[in-house]
Amino acid sequence: MNTREKILEAVLKNQPTSTPLPDIDSFKGDNTDLVQKYIDVFKTIGGNALSVDDITAVKMFINQNFDTSKRIVTTVNELSDNLELISDTVDPHTYNDVELAIIKAHFSVAENGAVWLTDEVMGQRIIPYICQHLAVIVNAQNIVPTLHEAYQKIGLGEYSFGGFIGGPSKTADIEQALVLGAHGPLSMTVFIMK
Amino acid sequence: MSQTKTHAALAGAFIKDEERVDWHDGALWFIREKRDKASKQIPEWEELREAASQIKSNVISNLHDYLLQFEANLKKNGVIVHWADSAEEHNEIVYSILKAKEINQMVKSKSMLTEECGLNEYLEERGIEVINSDLGEYIQQIDNEPPSHIVLPCIHKRKEEIGELFHEHLGTEKGLSDPTLLTRVARKHLRNVFLTRRGALTGVNFAVAETGEYVVCTNEGNADMGAHLSEVQIASMGLEKLIPQKKHLSVFLRLLARSATGQPITIYSSHYKKPRKGQEMHLILVDAGRTRQMGRVDFRDSLKCIKCGACMNTCPVYRKSGGLSYHNTISGPIGAILAPNLNMKKHADLPYASTLCGSCSNVCPVKINIHEQLYKWRQVIVKEGYAANTKALGMKAMAWTFSSPGKLTTAGKTGRWFLHNLPFVVNNKLNPWYKQRDMPEAPKESFGEWYVKNEEKEDNRQ
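Going down the list, the sequences are from chains A and B.
No gaps in the numbering here: position 128 of the first sequence is 128 in this note's numbering, and each next residue is one more.
No gaps in the numbering here: position 348 of the second sequence is 348 in this note's numbering, and each next residue is one more.
This is chain B alone, in the form it adopts within the complex (with noise of 0.2 angstroms):
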């Protein structure tokens, strides 16, 4: 993966293939339109929503007590607890968890929050092999390639392309590209991964503060199958997954799927609370950046999110450019606002990859004002100096021509003579503007000109 190119840069090798930027474009479009319909079959859904951001406002506002309780719970329950302050921290409490019970291979459940971490690679360095068990994390695990979005980690792939690396990697007959028939193959290959390996890990979707327990959600049932064959059970979440009380999840889950895909809820809903007799049972609390975010007042409302992807799926830009265009682990629109706050300078050209049409914020089932703080990013991007050259000279020429009328007129009147005279310098592959696009024809006179001229007429007319 690239981390030095920007979004644009990204989203351009992208674009080259306009077959493939239609038919993902549709293929998330189509995800768009069944979350839809799921949400119309709900009379009281702006209800819902309001109720879940209050809910998410009211955690943001009570983390401490809610962590203190959370824990205490956890305890009571028999669930052991860490604490991580960095992405390092949590990579080495597992591996400590791993080496004490001499593990060397683990299997593991969809989590970005360990994919942010870098969770892999950490234990793949220390000897430890991990398998990754939603079938398409597992095809971009075998791929070498990050998730390209948060539910549905291998969009942006054809089957053909899965069938080549099943091939290469499982040995399935060349050409072979059936769906199905991938899929059993790969139920195959993962049902013997599950029985084999003695620790498992999970993410978590929602954590009650109230009870303990925490909320696992899955189409596929491949944290259950890891969990429940597991000596060892891990599960890894960031502050921000907790919610107060168990009836709260009542809102969330009937949230969550309908906005993710347009089902009515996950096949699996797993509520773990205790561990089985005979297994441990470890819970990592992880900060890596979360207190912080919480700390800016603009951006604080971005740790609301319970990672449906509605926002991915809306987002004219994300549908065109592909997920890995984002260069961070959670792409789209939400990724936006997020890895700002992990790593200002390499993520400040991702507040610009939007429109800010507002779409985001109008499917986000938690109300984040997404469009909104993409453009407040922008801000504080430009104020600490991260903005891109091209950007910042662009904006200062901007501020210089906006700030008196004659300044304006000159500007407009050069800019329409030289796109009548000299089209060939505005129209040419220096400006990302012409990019797959045609300039506009420039009109003969501006509208201020062009009012003086019919001003007077009326005037005459009088």
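Chain A with its partners taken away, still in its complex shape (with noise of 0.2 angstroms):
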């Protein structure tokens, strides 16, 4: 008998009589207000989320507020036009001195301030880790109350990795003592797109 086969077979033995699974569908949070409250939460977790009219204020907002002159990607087309598009064919690793990356979110989480993002929106998987500062873009619209409202929406997924992201990378490792930006970005910025 192999490993697997002893395995499952000490599972079968002592498994107990199965119980059913608990209907989790009642759990449903509260649709008002959700602008408000997600930039609230955000805020909270260290992270910066600010509503914008259109791409130009989102263009407008990152020649004000980061280093135009490092390198800036993106997998969003209205902003190729003078930014660097990700590409999904080359090594990974050359993306380590990104300073900024905006991607788009398929959604964001009011209650913890999460957005959902998959590979395909990442350009590649690396992206919205190795960047020095994260900043995503999300449809008004598309911010959904609590987690149980976020997996409806994901369903099974057609994605092969996909993530929440809520903030920029922290630790309190050291004395309990917050700090941004432990592996990941420094910052993270959520611009909410009317």
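Accuracy of the hints is not assured; some may be wrong.
[What the hints assert, rightly or not] Cβ pair distances, simulated, as ranges:
no.	chain 1	residue 1	chain 2	residue 2	range
1	B	ASP36	A	GLY157	29 to 39 angstroms
2	A	ASN139	B	LYS346	51 to 61 angstroms
3	B	GLU145	A	ASP53	49 to 59 angstroms
4	A	GLN64	B	LYS5	40 to 50 angstroms
[As the list claims (entries may be wrong)] List time: in silico BS3-like cross-link candidates among lysine-lysine, alpha-carbon distance up to 30 angstroms:
no.	chain 1	residue 1	chain 2	residue 2
5	A	LYS13	B	LYS376
6	A	LYS153	B	LYS367
7	B	LYS34	A	LYS28
8	A	LYS6	B	LYS159
9	B	LYS16	B	LYS159
10	A	LYS13	B	LYS246
11	B	LYS274	B	LYS37
12	B	LYS376	B	LYS75
13	B	LYS413	B	LYS457
14	B	LYS40	A	LYS28
15	B	LYS246	A	LYS43
16	A	LYS6	B	LYS40
17	B	LYS320	B	LYS367
18	A	LYS28	B	LYS246
19	A	LYS6	B	LYS101
20	A	LYS153	B	LYS457
21	A	LYS43	B	LYS159
22	B	LYS274	A	LYS153
23	A	LYS37	A	LYS6
24	A	LYS153	B	LYS40
25	B	LYS307	A	LYS6
26	B	LYS345	A	LYS6
Quick caveat, the hints were computed from the structure, so don't treat them as lab data.
In this text, a Cβ means the ideal position worked out from N, Cα and C, and glycines have one as well.
Combine both chains into one complex, guided by the hints.
In structure tokens form, the structure reads like this:
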């Protein structure tokens, strides 16, 4: 008998009588005032979220707040006139010097500030983790109250990698002192597009 | 690390530094308070705990079928599946995967399972260098110490001590102890590690049977930095990490970070499903005692644990004795009910490292009856003959004393006489109860004697 069979046999022998799954479909969040709720929560976790009217406002904010002499990459077509588009065919290591990455999220979650990204909108999986600063655009209509609505939206999901990102990378491992920018981005900005 | 010393002995050493104990106690209580605040913002918090507990009951009672479903979906997704019966077998599998690719340096994100398996030591003996990339775990690694807490690996260390370690290992200026500056140094050093390692290993927080994907939660982004830059990605998981359906993640991700640190969600919750183009993805399903624990009716619910650490933060014994005094990878209350299953003789002392106050069970997000299991383990340990001699003798003496009212009265009188007339017989170094506390002043008479006297007075009045 190989290890797999041995383990499966031990599981079968030791597992108790089956108990049913609970109904979790009744868990629902409150749909009111989601933009403001999202902005408030995202601030408490060290991020910066702001409402913008259009892509021009995004461009302006970036020009004013980031070092545009450094490498800025994006997967957003409307920004590709003066920014580098992320290629999914180059070695991911080559993105180590990215200062700012701007990508679009599928949606965001008001209760925890997280945005949902898949490799399709990341361009490359490493992008939102390796950049020094991360900026994400999300449509105001695409904010859900809680993770229950979030997973309803995701469904089974046709992605090969997906992730929630809820703020700049952080650690409090040294004497519980909060430090933003552990291994990933030092800052995260979310543009909520009207 | 001392393997032979008991929790009481190791805790005894820890509490010698009173200022540090108070600081440690306060730091953990602060996190417990953050957990309370976060949980109170969710009106349905208790319903979520109940749902999580029921989902985990369903997992444990249907694990066989879920494992088969998970395995089939992993294969469909292009992930290579391995099964390991023991820690040794797990380590051999990791080694063989790396060896086939001629990889001799690996970066690892937080994984209590691989700590439990002694993976780093195993690989290092075979010429493969492993670097732990979680900052707290990295600090513990360069100090040659295991993590003292599953979420906050170096919570017992002062920033000056960490500064000293960085001075020694990373060449920082002597005396540097600012957390932000130290973190920046580690960021730079570890970024170079991420960029140069072809092999990366992560743990698993939740694995979804329905889709064959697994979720890894971090705040630092270290799991993703390692995994997305690697040629070979390995995930190690205990069998109990499975959940049935994708939507169940909503319940667990709402509970996990709030229970752990009071955050609404960890910064990164990454859903790994298929390998990147040109990348190899492996997943190792590890038993290592889990099926044995499933067979222990009183203790199988311990497998519901989602490793949030809330029971440690709230435990008065943990807060005042430090995680390392538990001499087990997983410390605190949950560690004390998991460890005896792995090695009952070695961990016979751990279920006694508790006041049985029940706070652990009250904060547990999956409602494990931790304090009841601690009490039950004590009975098993005594029955199996693993209780410490002093404990077994003490309990025999107590059983004899309580066996008749006469014996109890005599014992009480004797005790009070000694406390009044020869206190040094009780208040000495040989009596562990006297450590860090004074014995109470003994009353002149027992309640029984007082009652008899007062009953007579009452009778006279009538």
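Quick rundown of the hints versus the structure:
Range check, B:ASP36 to A:GLY157: about 34 angstroms between beta-carbon atoms, so the 29 to 39 angstroms window is met. Between A:ASN139 and B:LYS346 the C-beta distance comes to about 56 angstroms, which sits within the given range of 51 to 61 angstroms. A beta carbon spacing of about 54 angstroms between B:GLU145 and A:ASP53 agrees with the range 49 to 59 angstroms that was offered as a hint. A:GLN64 and B:LYS5 have their C-beta atoms about 60 angstroms apart, which leaves the hinted 40 to 50 angstroms range violated.
Restraint check: the Cα-Cα separation between A:LYS13 and B:LYS376 comes to about 23 angstroms, which is no more than 30 angstroms; the hinted pair holds. A threshold of 30 angstroms between alpha carbons decides the hint, and for A:LYS153 with B:LYS367 the separation of about 29 angstroms falls inside it, so the pair holds. In summary, the hint linking B:LYS34 to A:LYS28 is supported, as the alpha carbons are separated by about 24 angstroms, within the 30 angstroms threshold. Proposed proximity of A:LYS6 and B:LYS159 is contradicted: the alpha carbons are some 47 angstroms apart, above 30 angstroms.
Taking the CA atoms of B:LYS16 and B:LYS159, the gap is about 20 angstroms. The hint holds against a cut of 30 angstroms. For the proposed pair A:LYS13 and B:LYS246, the alpha carbon gap of about 27 angstroms is at most 30 angstroms, so the pair holds. Note on B:LYS274 and B:LYS37: the hinted pairing is violated, with a Cα-Cα distance of about 37 angstroms set against a maximum of 30 angstroms. Note on B:LYS376 and B:LYS75: the hinted pairing is violated, with a Cα-Cα distance of about 41 angstroms set against a maximum of 30 angstroms.
Among the hinted pairs, B:LYS413 with B:LYS457 is consistent with the structure: their alpha-carbon atoms are about 23 angstroms apart, no more than 30 angstroms. At roughly 17 angstroms between alpha-carbon atoms, B:LYS40 and A:LYS28 fall within 30 angstroms of each other, so this suggested pair holds. With a C-alpha separation of about 29 angstroms, the suggested pair B:LYS246 and A:LYS43 falls inside the 30 angstroms cut-off, and the hint holds. For the hint pairing A:LYS6 with B:LYS40, the CA-to-CA distance comes to about 45 angstroms; that exceeds 30 angstroms, so the pair is violated.
Of the pairs offered as hints, the one joining B:LYS320 and B:LYS367 holds, with about 24 angstroms between alpha carbons and a cut-off of 30 angstroms not exceeded. Restraint check for A:LYS28 and B:LYS246: the C-alpha separation of about 16 angstroms stays at or below 30 angstroms, so the hint holds. Taken as a hint, the A:LYS6 and B:LYS101 pair is honoured in the structure, with Cα atoms around 28 angstroms apart against an allowance of 30 angstroms. The suggested pairing of A:LYS153 with B:LYS457 is violated, with an alpha-carbon distance near 78 angstroms, which exceeds 30 angstroms.
Distance hint between A:LYS43 and B:LYS159 is fulfilled; the C-alpha atoms sit about 27 angstroms from each other, no more than 30 angstroms. For the proposed pair B:LYS274 and A:LYS153, the alpha carbon gap of about 20 angstroms is at most 30 angstroms, so the pair holds. Straight-line distance between C-alpha atoms of A:LYS37 and A:LYS6 comes to about 51 angstroms, which puts the hinted pair past the 30 angstroms bound. For the given pair, A:LYS153 sits about 26 angstroms from B:LYS40 by alpha-carbon distance, which is consistent with the 30 angstroms threshold.
Proposed proximity of B:LYS307 and A:LYS6 is supported: the alpha carbons are some 27 angstroms apart, at most 30 angstroms. At most 30 angstroms may separate the alpha-carbon atoms for a hinted pair to count; B:LYS345 and A:LYS6 meet this at roughly 26 angstroms.
The structure fails to meet hints 4, 8, 11, 12, 16, 20 and 23 from the earlier list, while all remaining hints are met.
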